[in-house]
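2 protein chains.
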Amino acid sequence: MKFIVQRQQLISSVQDVMKAISSRTAIPILTGMKIEANANGIILTGSDSDITIESFIPAEEDGMINVEQIEEGSVVLQARYFPDIVRKLPDNTVEIESDENFNITIKSGKAQFNLNGQDANEYPHLPNLQAENSFDIQSDLLKDLIKQTGFAVSAMETRPILTGVNITIENETLHFTATDSHRLASRRVPLEGVTSDSSNIVVPGKSLNELNKILDDTGEKVEISVMNNQILFRTKYLHFLSRLLDGNYPETSRLIPDQSQTVLHVRTKELINTIDRASLLAKEERNNVVKLTTKDNQLLQITSNSPEVGQVAEEISVQSLEGENLKISFSSKYMLDALKVIENDEVIIKFTGAMRPFVIQPADDDAILQLILPVRTY
Amino acid sequence: MKFIVQRQQLISSVQDVMKAISSRTAIPILTGMKIEANANGIILTGSDSDITIESFIPAEEDGMINVEQIEEGSVVLQARYFPDIVRKLPDNTVEIESDENFNITIKSGKAQFNLNGQDANEYPHLPNLQAENSFDIQSDLLKDLIKQTGFAVSAMETRPILTGVNITIENETLHFTATDSHRLASRRVPLEGVTSDSSNIVVPGKSLNELNKILDDTGEKVEISVMNNQILFRTKYLHFLSRLLDGNYPETSRLIPDQSQTVLHVRTKELINTIDRASLLAKEERNNVVKLTTKDNQLLQITSNSPEVGQVAEEISVQSLEGENLKISFSSKYMLDALKVIENDEVIIKFTGAMRPFVIQPADDDAILQLILPVRTY
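Residue numbers (my numbering), protein chains in the order written: chain A, 1302 to 1679; chain B, 1302 to 1679.
Calculated directly from the structure, the hints in this document are not laboratory data. Heads up, some of the hints might be wrong.
Treat identical chains as interchangeable: a pair holds within one or across any two.
[To be verified] Taking lysine to any residue pairs in the SDA-like style, the calculated list, with each CA pair at most 25 Å apart, reads: (1) 1634 - 1337; (2) 1389 - 1608; (3) 1596 - 1501; (4) 1628 - 1413; (5) 1411 - 1640; (6) 1389 - 1625; (7) 1389 - 1609; (8) 1389 - 1604; (9) 1634 - 1391; (10) 1596 - 1392; (11) 1303 - 1344; (12) 1570 - 1647; (13) 1408 - 1617; (14) 1408 - 1598; (15) 1303 - 1381; (16) 1651 - 1564; (17) 1411 - 1581; (18) 1634 - 1381.
Generate the whole structure from the sequences, applying the supplied hints.
Set out below in structure tokens:
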């Protein structure tokens, strides 16, 4: 195998593929990165067996030459030092060559690295996904869906299914839902023209998080296909494959209250800043709990109290306040997580009493829904 | 005590003073910050008993009002949350007030924090340094002296005196020296007009490091005075006090070779990049060792070898190479540390054989001297 590649292209592909490579893996060869060269270009592959990422560098693209002097072949190199090496090489191009003993030579300018490689035949074979049951989505919309729900997955392995995001398609609607049983985040978007059967899968939150880091928000097309307990996200030059979580995702729609006793309209940024300040004293001992109290004259009061350190109180004026008066305590962290992914200037918060879950939505968009369970305080 | 202060001024003073406050201290009140208000302004004090920092916010400065409505008094508040609180307050001004029970109220905009404080009389009294034996230096020069020597102090407590920087004044010359017994860094600068007796002290490297973070490189005047086993750095609004290390600093001048067998002139940046690349594979198992070999035709070769991972080799052309041929191994980390603090485009490296310490200096300035002991390789 041999080729000469533009270093910037290589840096960016290596960075993407590294997101799937872990130094702690039960399969030693997976600490390596597979490099494959053929007449079309180079394919880099990394995997931790949960996630597999393939990045393709085309030999030629829009009349620009990315890869030259290609001699076909493949090899696996130790991934640990590779990103640093590529980043620090002196020249704009990098020559990579491997011999029959998998000795790899990396040349750039006057610098030459000789690395011990491994036989690419020992690298696990990836499932050959047939994109039968697939649909397309724009990358920026997919990133939004992940950002607005992925943070709410459970970090605990006690109920493994909750560490994933539930993705369903039904009635031409794509629906992302995540919950850790203390809060829930969901968003639906229309999927026009998708006539496929309804589907219901659970993708590990960690996988979606890594995918979000790799995807550009350029609005390029992402093709999503599901098969054999795997999900494949495919862009022009990137394949991102993740296993799915086994099991049935709990029915969450019954958690969402269908009526409300107190309804607030409030400016998102102001509420974020006020709760952020109130949470400063509540960091550890009180589990980030803050209290919201409705006042007369379109005012809310946000307070927090940490016996060892002190108290904080701040009033905030709201756009409107309808219904019953209310005192409610909740995790400031959950509230901030939910508010920060809402990009609208104004949110609606619907409460059904101090002990019942409450719902946060953008003022003009009910496709996004954040639900938080209050905290009982004594 | 009461005052209203400009928030930006308070943020920057609090940040400086926090550098001296540790959450792990044997004296509980030192986890707090002392705040003192008098007609002239506010003084914030933090200390970990090794370092004490006082920052002064003048009530008025160049016709600008920084502090208003001052009622004299003092209090100690818990420092842990204070920087975050001040940073996140909503308004441009902050009102701080404490009552006779040391309850502290912090108000800004509609936000109000009530914090439990402590009696400032319980805060340790700071030594009242008389600036008898003092001299002045510009802050940017002082920062350079610290940067060019402080990194070479020992991180090990086995010889405590080596964890400090040796500062001497003799013959109108200020001299900073640091060594961890594997390398040495020194710089001298002329101190015109200082007729005081010669002095020889050792300042903890950690103290100088913190001082460097706080000092601006605006070239403002820093007054340095030494007394009673303490050193005080004083600028217009900042007092930085550090204890000195006890004991005699070793005589280091005899370590510096006065002759050389091989002399290189080389471009600093090129050498840094080449050694940085060569060290990529040498990170752990080989203690960062790289090898330098002189070649014909004004060339050096830098190599490194990590049996598990592979080898790296790179040639670099030098400006001049005089004397005997040489193969020498050394820590790439020590070499990079030394080269990075030399701001000149070109360095001279003087070797006296593969087993002897070698000297690195800027090509046109012998006031800076970096010395490194080579590594024996087999």
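Each hint tested on the structure:
With identical chains, the CA atoms of residue 1634 and residue 1337 are never at most 25 Å apart, being 45 Å at best within one copy and 35 Å at best between copies. Taking the shortest Cα distances, residue 1389 and residue 1608 sit within 25 Å of each other only across copies (21 Å), while inside one copy they are farther apart (52 Å). For the identical chains of this complex, residue 1596 and residue 1501 are neighbours neither inside a copy (44 Å) nor across copies (67 Å), given an alpha-carbon limit of 25 Å. Taking identical chains as interchangeable, the C-alpha atoms of residue 1628 and residue 1413 lie at most 25 Å apart only when they sit on different chains, with a minimum of 19 Å there against 68 Å within one chain.
In the homo-oligomer, the alpha carbons of residue 1411 and residue 1640 lie at most 25 Å apart only across protomers (21 Å), although the nearest pairing inside one protomer, at 52 Å, exceeds that limit. With identical chains, the CA atoms of residue 1389 and residue 1625 are never at most 25 Å apart, being 63 Å at best within one copy and 31 Å at best between copies. Taking the closest pair of Cα atoms, residue 1389 and residue 1609 come within 25 Å of each other only across two copies (21 Å); inside a single copy the shortest separation is 50 Å, beyond that limit. Taking the shortest alpha-carbon separations for residue 1389 and residue 1604, only the inter-copy value of 15 Å comes in at or below 25 Å, while the best intra-copy value is 51 Å.
When the C-alpha separation of residue 1634 and residue 1391 is checked against a cutoff of 25 Å, the pair qualifies only between copies, where the shortest distance is 19 Å, while the shortest distance within a copy is 45 Å. For a Cα distance limit of 25 Å, the shortest separation of residue 1596 from residue 1392 across copies, 22 Å, qualifies, whereas the shortest one inside one copy, 66 Å, does not. Taking CA atoms no more than 25 Å apart as the test, residue 1303 paired with residue 1344 passes inside one copy only; the shortest distance there is 13 Å, against 67 Å between copies. Within a single copy, residue 1570 and residue 1647 get their C-alpha atoms as close as 8 Å, which meets the 25 Å cut-off; across copies the closest is 52 Å, which misses it.
In this homomeric assembly, residue 1408 and residue 1617 come within 25 Å of each other (Cα to Cα) only across copies, at 15 Å, whereas the closest approach inside a single copy is 62 Å. In this assembly of identical chains, residue 1408 and residue 1598 lie within 25 Å of each other by CA distance solely across copies; the values are 22 Å between and 72 Å within a copy. Only within a single protomer do residue 1303 and residue 1381 lie at most 25 Å apart by alpha-carbon distance; the minimum there is 21 Å, versus 57 Å between protomers. Taking the closest pair of Cα atoms, residue 1651 and residue 1564 come within 25 Å of each other only inside a single copy of the chain (5 Å); across copies the shortest separation is 77 Å, beyond that limit.
Taking identical chains as interchangeable, the C-alpha atoms of residue 1411 and residue 1581 lie at most 25 Å apart only when they sit on different chains, with a minimum of 16 Å there against 54 Å within one chain. With identical chains, the CA atoms of residue 1634 and residue 1381 are at most 25 Å apart between copies only, with a shortest distance of 19 Å across copies and 35 Å within one.
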